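K.L.:
Okay, here's what each chain looks like letter by letter:
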Amino acid sequence: MSSRALPRREFLRVSAGAAGGLLLTVSVPAELRALGDSPAGRSPAAALTAFIEIAPDGAITIASKNPEIGQGVKTSLPLLVAEELDAPWERVTVVQADLDTRYGPQFAGGSTAINQNWTSMRRAGATARHLLIAAAAKRWGVEPESCRTEPGVVVHLPSGRRLGYGQLAAEAARLPLPEDVPLKEPGSFRLIGSRVGGADNALIVTGALKYGLDTRVPGVLFACVARAPFGADVDRFDPATALRVPGVRRVVRIEGRANPLQLRPGVAVVADSTWAAIQGRKALEVTWKPTDDRTNDSVRLRKEMLAALDRPGTPIRNDGDVEAALARAERVVEATYELPFLSHTPMEPMNCLADVRGERCEIWGPMQNPGALRALVAEVTGVEPSFVVVHLTRAGGGFGRRLLSDYGAEAALLSKTVEAPVQLFRTREDELQHDYYRPAGMHRFRAGLDGGRVIAWEQHLANPSRYAYADPQRDPVESELYKDDPPAGLVPHVRLAYTLTPSAVPGGAWRATLNSANAFAVQSFLDELAHEAGRDPLEFRLALLGEPRRLTYDGHGGPELDTRRLAGVLRLAAEKAGWSAALPTGRARGIAFHFTFGSYVAEVAEVSRGGAGGM
Amino acid sequence: MPSYLLIVNRARHRVDLPGDTPLLWALRDAVGLTGTKYGCGAGLCGACTVHLDGAPVRSCGVTVAEAAGKPITTIEGLSTDGSHPVQRAWVAEDVAQCGYCQAGQIMAAAALLAANPAPSDAEIDRAMAGNLCRCGTYQRIRAAIHRAAGRATP
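Quick mapping for you: the protein sequence lines, in order, are chains A and B. Under this note's numbering, the first residue of the first sequence is numbered 12, with each subsequent residue one higher. Under this note's numbering, the first residue of the second sequence is numbered 5, with each subsequent residue one higher.
The hints are simulated quantities; they were obtained by calculation from the structure and are not laboratory data. Please read all numbers here as calculations on a predicted model, not as lab measurements. Hints may be right or wrong, so weigh each one.
Stated by the list, open to error - Lysine to aspartate or glutamate pairs mimicking DMTMM-like chemistry, simulated, CA-CA at most 25 Å apart:
{"id": "1", "chain 1": "A", "residue 1": "Lys314", "chain 2": "A", "residue 2": "Asp303"}
{"id": "2", "chain 1": "A", "residue 1": "Lys314", "chain 2": "A", "residue 2": "Glu571"}
{"id": "3", "chain 1": "A", "residue 1": "Lys221", "chain 2": "B", "residue 2": "Asp125"}
{"id": "4", "chain 1": "A", "residue 1": "Lys314", "chain 2": "A", "residue 2": "Asp482"}
{"id": "5", "chain 1": "A", "residue 1": "Lys221", "chain 2": "A", "residue 2": "Asp211"}
{"id": "6", "chain 1": "A", "residue 1": "Lys293", "chain 2": "B", "residue 2": "Asp98"}
{"id": "7", "chain 1": "A", "residue 1": "Lys300", "chain 2": "A", "residue 2": "Asp283"}
{"id": "8", "chain 1": "A", "residue 1": "Lys293", "chain 2": "B", "residue 2": "Glu70"}
{"id": "9", "chain 1": "A", "residue 1": "Lys300", "chain 2": "A", "residue 2": "Glu341"}
{"id": "10", "chain 1": "A", "residue 1": "Lys494", "chain 2": "A", "residue 2": "Asp565"}
{"id": "11", "chain 1": "A", "residue 1": "Lys221", "chain 2": "B", "residue 2": "Asp98"}
{"id": "12", "chain 1": "A", "residue 1": "Lys587", "chain 2": "B", "residue 2": "Asp98"}
{"id": "13", "chain 1": "A", "residue 1": "Lys494", "chain 2": "A", "residue 2": "Glu571"}
{"id": "14", "chain 1": "A", "residue 1": "Lys300", "chain 2": "A", "residue 2": "Asp211"}
{"id": "15", "chain 1": "A", "residue 1": "Lys293", "chain 2": "B", "residue 2": "Asp85"}
{"id": "16", "chain 1": "A", "residue 1": "Lys587", "chain 2": "B", "residue 2": "Asp125"}
{"id": "17", "chain 1": "A", "residue 1": "Lys221", "chain 2": "B", "residue 2": "Asp85"}
Claimed, not checked - Anything over 10 Å on all C-beta distances counts as not near chain A; from chain B, calculated:
{"id": "18", "residue": "Arg32"}
{"id": "19", "residue": "Ala59"}
{"id": "20", "residue": "Glu70"}
{"id": "21", "residue": "Asp85"}
{"id": "22", "residue": "Ala96"}
{"id": "23", "residue": "Ala100"}
{"id": "24", "residue": "Ala107"}
{"id": "25", "residue": "Ala118"}
{"id": "26", "residue": "Ala119"}
{"id": "27", "residue": "Asn120"}
{"id": "28", "residue": "Ser124"}
{"id": "29", "residue": "Asp125"}
{"id": "30", "residue": "Glu127"}
{"id": "31", "residue": "Gly134"}
{"id": "32", "residue": "Tyr142"}
The beta-carbon is built from N, C-alpha and C at its ideal position, and this holds for glycine as well.
Using the sequences and the hints given, assemble the complete structure.
P.N.:
So, in structure tokens, the structure goes:
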């Protein structure tokens, strides 16, 4: 692809020039440009907004801006554009956009894709549709108001004349952009709310789709890294044994950065093939030295968490008088929940292909936060950020792991050092042994039951905190337990507390961060309380939620939490799962709810007891 | 460096690699077919499943020396145009989420149906148990296999 060799600024200038009068926007993504320049002999397609290109034959290309990590945005975001464009979906080809400021934020995390792009994607489509109608009206010499669209066609209502989008695109692209355009009423949606297949399905089932690890460029070398154990650095290494493995080219030390989320220390083996790099690393002789006195021993950490729970902890919420309420409760229930460190383990391991040449750098890889990856690559290589070109590949899962850019930094540093394109890859063992894990944690609960209702609730969390891992000076008291999570706000007497138990084990964001851990602990304990109270777990939760009301929620998805909606999703999940239907022996159901990221969630799990104590 | 003949999707490829190189890496790095995915390199996830002599194998656990001279089919060779019934069923059921494991799933499913044209749920679960999907698309995988077998999900 010709754009590969061009730094960003030049690319922008050249494409604007090459575009001539046809292009409305300053540039088009490389993939779109390639389509326009394709040797099929058709005239270049007209770009109507940054996201849309329509060819003379009516074929529509829509750029998808966000990273696709399996959540479906490569289908859903273009679908929003297509809806307002009134595009025939079967004529739409979706391409992945490179990282480019024209697209606005490009990010996969926090369940934000639809709610943050709902309006802007639709507006992109509506703008293009407005331009197509204006072009048709101009050609016919009629008022735009007398025209409407059918999928892919502008129709002049009084005369019944019709023009396809492809016949209008070039003219439309020359018209001035409207200030504002009306959006469809939800009642008239054709595509939103319908079921369409994934945009990449045909490529996935034939093996044609290139994930990050499948990216190849001429002269590429392959690298894997022997990384230091947690809280350690390289002591000594001897490259000789690795260099004797056929295909191994270089052995390169990687210095860790002060922020361990950016880069951890190790020794890289660079080779002609993936297998040679793996074999070379196996042969490498390296010793490590400890640099962090925080524990990396899970037995010791567990003891420290248990000891911490026997002390009061730092208060983070205090409603009413928990001690007095517990003293007068009919029954006090206590439980401790332990959660292990969890690895992200996406099916596609971390990988990145970097090609650093002089003052420019080109990157291909699966990532959730490409802007942050570019910034870090620029920092470690010294290449100016605007000369770091970033191509987003479809990711074989993310789960929060690819929010960090350490693997991009490794690839870029290695490419700069060996002066060749380098595909940095991690093996499955690397993924499990050198992740930024969801931190382990221990929750201790005490609750008072009176008349079958919860009158007092106490929760104390001890954990190593991912924030404190990255910055030992940071006090993570506000970040680990979410002070407005129900049943806080629903129970009159509540006390929440936190204790940091430091660890050198790397911590990171893992699937909704600690919501996944905290909700498990809270909802499990609620189940124990329902059991103690002799009440149905669903009915017990609905009673806890009580009369519909809005509670303060000072966290992601706030500022309010509507208990009516929590009760609503609980009832809906229960209904769909046939909550009250009898189950055979050996089968059981459980129910849980949670609010975060602005979403109300309820789940029913139905489990069977298997042989040998299995589930 | 020893030389081996790999017969991949009916095409012959001469590869110069150490004999203990896993077939997976020979396919991906030497032959240049990247549809077969690396997931674990230890035969634990099924992402690298290909057909060797018509039988499903984990290509990370077979060496080039063992595979040399035998017919190998990868996801790219299952059909020339995505028209294999399993591929069509995978699209119709919209199975893929991230999609990374699906080449291995499809190869395992195609081998299952070749051996058992109308598998039950239990037979599907048994045959597919070694193919992991981190997104959890198992229900749709099962539905797609039934569809490919010419049946609606029972």
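K.L.:
Take a quick look at whether A:Lys300 and A:Glu341 sit within 25 Å of each other, Cα to Cα.
P.N.:
violated (56 Å)
K.L.:
For the pair supplied as a hint, A:Lys221 and B:Asp98, is the alpha-carbon distance within the 25 Å limit?
P.N.:
holds (19 Å)
K.L.:
Are the Cα atoms of A:Lys221 and B:Asp125 separated by 25 Å or less?
P.N.:
Roughly 32 Å separates the two Cα atoms, so the pair is violated.
K.L.:
Quick one: work out the minimum CB distance from B:Asp85 to chain A and report holds if it exceeds 10 Å, violated otherwise.
P.N.:
violated (8 Å)
K.L.:
At 10 Å, judged by beta carbons, does B:Glu70 keep clear of chain A as stated?
P.N.:
holds (15 Å)
K.L.:
Keeping to a limit of 25 Å between CA atoms, is the pair of A:Lys494 and A:Asp565 held or broken?
P.N.:
holds (8 Å)
K.L.:
For the pair we were handed, A:Lys300 and A:Asp283, check the Cα-Cα distance against 25 Å.
P.N.:
With Cα atoms ~30 Å apart, A:Lys300 and A:Asp283 exceed 25 Å; violated.
K.L.:
Verify this label for me: B:Asp125 is non-interface relative to chain A, using a Cβ-Cβ cutoff of 10 Å.
P.N.:
holds (14 Å)
K.L.:
In terms of Cβ atoms, is chain A entirely out of 10 Å range of B:Tyr142?
P.N.:
Consistent with the label, B:Tyr142 stays out of reach of chain A, its closest Cβ about 14 Å off (over 10 Å).
K.L.:
Does the structure keep A:Lys587 and B:Asp125 at a Cα separation of 25 Å or less?
P.N.:
Holds. A:Lys587 to B:Asp125 sits at ~22 Å (cutoff 25 Å).
K.L.:
Would you say B:Ala96 is clear of chain A, with no C-beta pair closer than or equal to 10 Å?
P.N.:
violated (8 Å)
K.L.:
Minimum C-beta separation from B:Asn120 to chain A exceeding 10 Å: can you confirm that?
P.N.:
holds (21 Å)
This entry does not satisfy hints 2, 3, 6, 7, 9, 14, 15, 18, 21, 22, 23 and 24, going by the numbered hints stated previously.
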